[in-house]
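Chain residues, written in single-letter form:
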Amino acid sequence: MIVNETKNSINGIKSSFPIVLGYLPIGFAYGILGTKSGFSILQVVALSLFVYAGSAQFIAISLLSSGTDIITLIMTIFIVNLRHFLYSTSLSQYMKRINRKHIPILSFFITDETYAVSITDLKENNEYNEKYFYQLFFMSYTTWVISSFIGAMFGSFLNGSVNIGLDFALPAMYIALLLMQISGYRKVFISIFSGLLSISLMYILPGNINVIVSAVIGAGIGGLIDIWTKNS
Amino acid sequence: MDKKFVISVLGMFLVTYVPRFLPVFGLSRVEMPSFIKSFLEYIPVAVLSALLFPTIFMKGNHLFISYKNIFLIASIPTVLVAYKSRKLFSPVIVGIISYILISLVIN
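From first to last, the protein sequence lines stand for chains A and B.
One point on numbering: in our numbering, the residue at position 59 of the first sequence is 59, and numbering is uninterrupted.
Converting from the second sequence to our numbering requires adding 1000 to each position, the first position being numbered 1.
Source of the hints: derived by calculation from the structure; they are not laboratory data.
A hint or two may mislead.
Below, a list of computed lysine to aspartate or glutamate pairs in the EDC-like style, where the Cα atoms sit at most 16 Å apart [what the hints assert, rightly or not]:
1. B:Lys1059 - A:Asp167
2. B:Lys1004 - A:Asp69
3. A:Lys230 - B:Glu1041
Quick caveat: nothing in here was measured; it's all calculated off a predicted structure.
Please model the entire structure based on the sequences and the hints provided.
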């Protein structure tokens, strides 16, 4: 029995390897951009420690450095990170087994990548407990924080502007995350609709409000299409 | 670290943590209206597109659709790799390398 159990149980450290590999360059790029945009190493790392959400941190750096007001900043980050609500809802059925005292800690570490990896593992395997989550989440979080710290250090030593392609790290990450999310024609339609709306709103709305407005309208239309077509 | 920054980080922490925490902690027992479920289902796609399109199709506040738009051209191989792999790592690396190569050619 014991042999069987260890054979079938999933290992969070092993599962974290693809995430570690993905977080290293992106955390590094985030760190460089952070200090290059005029933030201190401490500030750059503070975002990784407390927000721990890649795309949101890139956006926060660009909004903060362009002098966006706090309300717009926080609203934008809220909308951008609202997707975690879905991940958390989906993981809740698997986390039911774990003692509730772990939930406030573990839930902090839900990201696009830790969600994607853990949900795949959990669907395939029943042998897990909180240890799996702690291993996976600790490895991913530590990699993110350390790589953004190294990037921030590196960025603060660089003089002037250097083109090492990092300007494109963020759009490339949006593209990758978007294509991980898109399935079916409806989502393709909502994607194009929200994107074009966002471009149009750039001409009439100040700051970066176009992002929140078009995301809410786009997702709202998607929701309406879904409920209107449900009973047909 | 100034006050505005500390408040911003605190605010961002809260608006990020609460949606991560609430459903796993127990909200899952409350049945959400189907519109809200669908709405949330579309949020990632809508947000990412709203962020992405202006970044690659515009320069400053104006449309910039040209072979000289390095962001736009570098997006092509990135989209192809992202579509094939559906992962984070390889599209980002391919994107960065294409961006460097294309900017060397265009400038």
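**Prompt:** Quick one, are lysine 1059 (chain B) and aspartate 167 (chain A) close enough, alpha carbons at most 16 Å?
**Reply:** Satisfied, since the Cα-Cα distance of roughly 13 Å is no more than 16 Å.
**Prompt:** For the pair supplied as a hint, lysine 230 (chain A) and glutamate 1041 (chain B), is the alpha-carbon distance within the 16 Å limit?
**Reply:** Holds - the C-alpha atoms of glutamate 1041 (chain B) and lysine 230 (chain A) are around 15 Å apart, at most 16 Å.
**Request:** For the pair we were handed, lysine 1004 (chain B) and aspartate 69 (chain A), check the Cα-Cα distance against 16 Å.
**Result:** 9 Å, holds
The earlier numbered hints are all upheld by this structure, with none contradicted.
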